[in-house]
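*Asks:* What follows is each chain in one-letter form.
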Amino acid sequence: MDVQKEVLAILDDLLSLQGRAAGMTRDTALLGAVPELDSMAVVGIIGAIEERFDFVFDDDEIDGQTFSSVGALVDAVSAKLG
Amino acid sequence: MLRSPPPAVPRRGGIVHVPAFAEEMNKSRRMVALQAEAWAADGWTVLQIDLHGCGDSSGELADASWETWLEDVRLACERLEVLGAPVRWLWGLRLGGLLACDALERFGLGCGLLLWQPVASGAQHLQQFLRLWKMGQVVGKAAASERTPAQLLEAGCAAEVGGYVMSPLLAAGMRQASMRAARATAVQWFQLGTAQAEPLPAFVKLAEQWRTLGVPVRHHAVESPTFWQAQEIEVAPALLRASLVAAVEDCCGVSA
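So the protein sequences, as listed, match chains A and B. Just so we're aligned: 71 in the numbering used here is position 71 of the first sequence, and the numbers increase by one with no gaps anywhere. Just so we're aligned: 1177 in the numbering used here is position 177 of the second sequence, and the numbers increase by one with no gaps anywhere.
There may be inaccurate statements among the hints.
Stated by the list, open to error - Computed cross-link-like contacts, SDA-like style, restricted to lysine to any residue with a CA-CA straight-line distance of at most 20 angstroms:
1) B:Lys1205 - A:Phe55
2) A:Lys5 - A:Ala48
3) A:Lys80 - A:Glu6
4) A:Lys5 - A:Gly82
5) A:Lys5 - B:Gly1193
6) A:Lys5 - B:Lys1205
7) A:Lys5 - A:Val74
8) B:Lys1205 - A:Val74
9) B:Lys1205 - A:Phe53
10) A:Lys5 - B:Gln1196
11) B:Lys1205 - A:Asp54
12) A:Lys5 - A:Val77
13) A:Lys80 - A:Asp59
14) A:Lys5 - B:Gln1124
15) A:Lys80 - B:Leu1200
16) A:Lys5 - B:Val1082
17) A:Lys80 - A:Phe53
18) A:Lys80 - B:Pro1201
19) A:Lys80 - B:Glu1223
20) B:Lys1205 - A:Val56
21) A:Lys5 - B:Ala1197
22) B:Lys1205 - A:Glu51
What the hints assert, rightly or not - Distance ranges between label pairs, derived from CB positions:
23) B:Arg1079 - A:Glu36: 37 to 43 angstroms
24) B:Ala1033 - A:Gln18: 36 to 42 angstroms
25) A:Glu36 - B:Cys1157: 30 to 36 angstroms
26) A:Glu61 - B:Cys1157: 23 to 29 angstroms
27) A:Asp60 - B:Arg1011: 51 to 57 angstroms
28) B:Pro1010 - A:Ala29: 53 to 59 angstroms
29) A:Gly71 - B:Gly1156: 39 to 45 angstroms
30) B:Gly1163 - A:Glu61: 24 to 30 angstroms
What the hints assert, rightly or not - Here are some chain B residues the structure puts well away from chain A; computed CB gaps all over 10 angstroms:
31) Ala1172
32) Arg1211
33) Val1235
No lab work stands behind these hints: they were computed from the structure. Think of the CB as a built atom: it goes at the ideal place given N, C-alpha and C, for glycine as much as any other residue.
Next comes chain A alone, as it looks inside the complex (with noise of 0.2 angstroms):
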């Protein structure tokens, strides 16, 4: 399974990128760098992911760093698949 593949699909749905999360990297900035990423677009992330791998992120298994790039949220996710 590719996560991150599926991490960016999850992106594009939500922030409604309209395909161009296709284009995004590891080091591609998140928090901060994309307008659309407010507090509610990261808790409908957090939520899809949890749904799409079956898991649930506790309150502290999130913060800022999560979410500061796409490399950070896929390597979060990759360690709760262990």
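Take the given structure of chain A and dock chain B to it, following the hints.
*Replies:* Same frame as chain A, but now just chain B:
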């Protein structure tokens, strides 16, 4: 909001829409309106309810509870009965799906469940909602607060989250709500995302329980954007078409 079929169209019965919660309801307005219009044109009488404290309802969200919401659903069914359009489907979106299920069981409503991406766990949904507060802090836009919403609710106080006031009663009711299979005439479950998606584990478990009760169950994987959460207002034509067909099926693929 009530939509009735045009004069020349044969009447099919009633559909009650049980909405999503908070921002999910806001973002899904257009898609819900489109579906309601399509169904009305096809002969259905569609009633969209504003749950206590939501939308145009007269109450305050701070006074809402899961119990008052269940009653809102029951009253809507009663209203359609009185109007001569007995409810054939409770059409629940997201948390509305869970509420519809609960109401069906509580009041023995004897109709079908047509569910769009239903929430199976009220506790999980509440947790996701309360996250808005923490993420407001993470994104750096919210004022710091001494107590978290979870702590406030625990203490029996209302908590403001993302512009919505959550009452402790509503939180408690939501936390306890969990989808259970009860006797419906039929269940049409719409999983929204890609048309090739496998049924989610939550569905598989419930479908087994429904089938044990002799309830016909149909799962639809439909191509659709996450319109109840996406940044831009989105619609899903495939979902409109599939729902139109499903409402007149008897779940064995036969059109009524």
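*Asks:* Each hint needs a verdict: does it hold in this structure or not?
*Replies:* These are the hints, each one checked on the structure:
With a C-alpha separation of about 17 angstroms, the suggested pairing of Lys1205 (chain B) with Phe55 (chain A) holds against the 20 angstroms cut-off. Proximity of Lys5 (chain A) to Ala48 (chain A) is assessed by CA-CA distance (about 14 angstroms); at most 20 angstroms being required, the pair is judged to hold. A threshold of 20 angstroms between alpha carbons decides the hint, and for Lys80 (chain A) with Glu6 (chain A) the separation of about 14 angstroms falls inside it, so the pair holds. Taken as a hint, the Lys5 (chain A) and Gly82 (chain A) pair is honoured in the structure, with Cα atoms around 17 angstroms apart against an allowance of 20 angstroms.
For the hint linking Lys5 (chain A) to Gly1193 (chain B), the alpha-carbon distance of about 15 angstroms falls within 20 angstroms, and the restraint holds. A hinted pair counts as satisfied when its Cα atoms are at most 20 angstroms apart, and Lys5 (chain A) with Lys1205 (chain B) does not qualify at roughly 28 angstroms. Distance restraint check for Lys5 (chain A) and Val74 (chain A): the Cα-Cα separation of roughly 9 angstroms lies within the 20 angstroms cut-off, and the hinted pair is therefore satisfied. For the hint pairing Lys1205 (chain B) with Val74 (chain A), the CA-to-CA distance comes to about 29 angstroms; that exceeds 20 angstroms, so the pair is violated.
For the proposed pair Lys1205 (chain B) and Phe53 (chain A), the alpha carbon gap of about 17 angstroms is at most 20 angstroms, so the pair holds. Between the alpha carbons of Lys5 (chain A) and Gln1196 (chain B) the distance comes to roughly 16 angstroms, so the proposed pair stays at or under 20 angstroms and holds. Taking the CA atoms of Lys1205 (chain B) and Asp54 (chain A), the gap is near 14 angstroms; set against the 20 angstroms cutoff, the hint holds. Annotation: proposed proximity of Lys5 (chain A) to Val77 (chain A) holds, straight-line Cα distance about 12 angstroms (limit 20 angstroms).
Restraint check for Lys80 (chain A) and Asp59 (chain A): the C-alpha separation of about 13 angstroms stays at or below 20 angstroms, so the hint holds. Simply put, Lys5 (chain A) and Gln1124 (chain B) have alpha-carbon atoms about 25 angstroms apart, too far for the 20 angstroms limit, and the pair is violated. For the suggested pair Lys80 (chain A) and Leu1200 (chain B), the alpha carbons sit about 19 angstroms apart, so the restraint of at most 20 angstroms is met. Between Lys5 (chain A) and Val1082 (chain B) the CA atoms are separated by roughly 52 angstroms; this puts the pair beyond 20 angstroms, and the hint is violated.
Restraint check for Lys80 (chain A) and Phe53 (chain A): the C-alpha separation of about 9 angstroms stays at or below 20 angstroms, so the hint holds. At roughly 18 angstroms between alpha-carbon atoms, Lys80 (chain A) and Pro1201 (chain B) fall within 20 angstroms of each other, so this suggested pair holds. Of the pairs offered as hints, the one joining Lys80 (chain A) and Glu1223 (chain B) is violated, with about 27 angstroms between alpha carbons and a cut-off of 20 angstroms exceeded. Taking the CA atoms of Lys1205 (chain B) and Val56 (chain A), the gap is about 19 angstroms. The hint holds against a cut of 20 angstroms.
A hinted pair counts as satisfied when its Cα atoms are at most 20 angstroms apart, and Lys5 (chain A) with Ala1197 (chain B) qualifies at roughly 16 angstroms. Distance hint between Lys1205 (chain B) and Glu51 (chain A) is fulfilled; the C-alpha atoms sit about 15 angstroms from each other, no more than 20 angstroms. The hinted window of 37 to 43 angstroms between Arg1079 (chain B) and Glu36 (chain A) holds, with their beta carbons roughly 40 angstroms apart. Between Ala1033 (chain B) and Gln18 (chain A) the Cβ separation comes to about 23 angstroms, which falls outside the hinted range of 36 to 42 angstroms.
The supplied range of 30 to 36 angstroms is met by Glu36 (chain A) and Cys1157 (chain B), whose beta-carbon atoms lie about 33 angstroms from each other. Remark: the range hint 23 to 29 angstroms for Glu61 (chain A) to Cys1157 (chain B) is upheld by a beta-carbon distance near 27 angstroms. Our hint of 51 to 57 angstroms for Asp60 (chain A) and Arg1011 (chain B) holds, since their Cβ atoms are close to 55 angstroms apart. For Pro1010 (chain B) and Ala29 (chain A), the Cβ-Cβ distance of about 57 angstroms falls inside the hinted range of 53 to 59 angstroms, so the restraint holds.
About 43 angstroms separates the C-beta atoms of Gly71 (chain A) and Gly1156 (chain B), a value consistent with the hinted range of 39 to 45 angstroms. Checked against the hint of 24 to 30 angstroms, the pair Gly1163 (chain B) and Glu61 (chain A) passes, with Cβ atoms roughly 25 angstroms apart. The beta carbon of Ala1172 (chain B) is kept farther than 10 angstroms from every beta carbon of chain A, the shortest such distance being approximately 19 angstroms. Look at Arg1211 (chain B): its CB is around 22 angstroms from the nearest CB on chain A, clear of 10 angstroms, so calling it non-interface holds up.
Against the 10 angstroms criterion, Val1235 (chain B) stays outside the reach of chain A, whose nearest CB is about 12 angstroms from its own CB.
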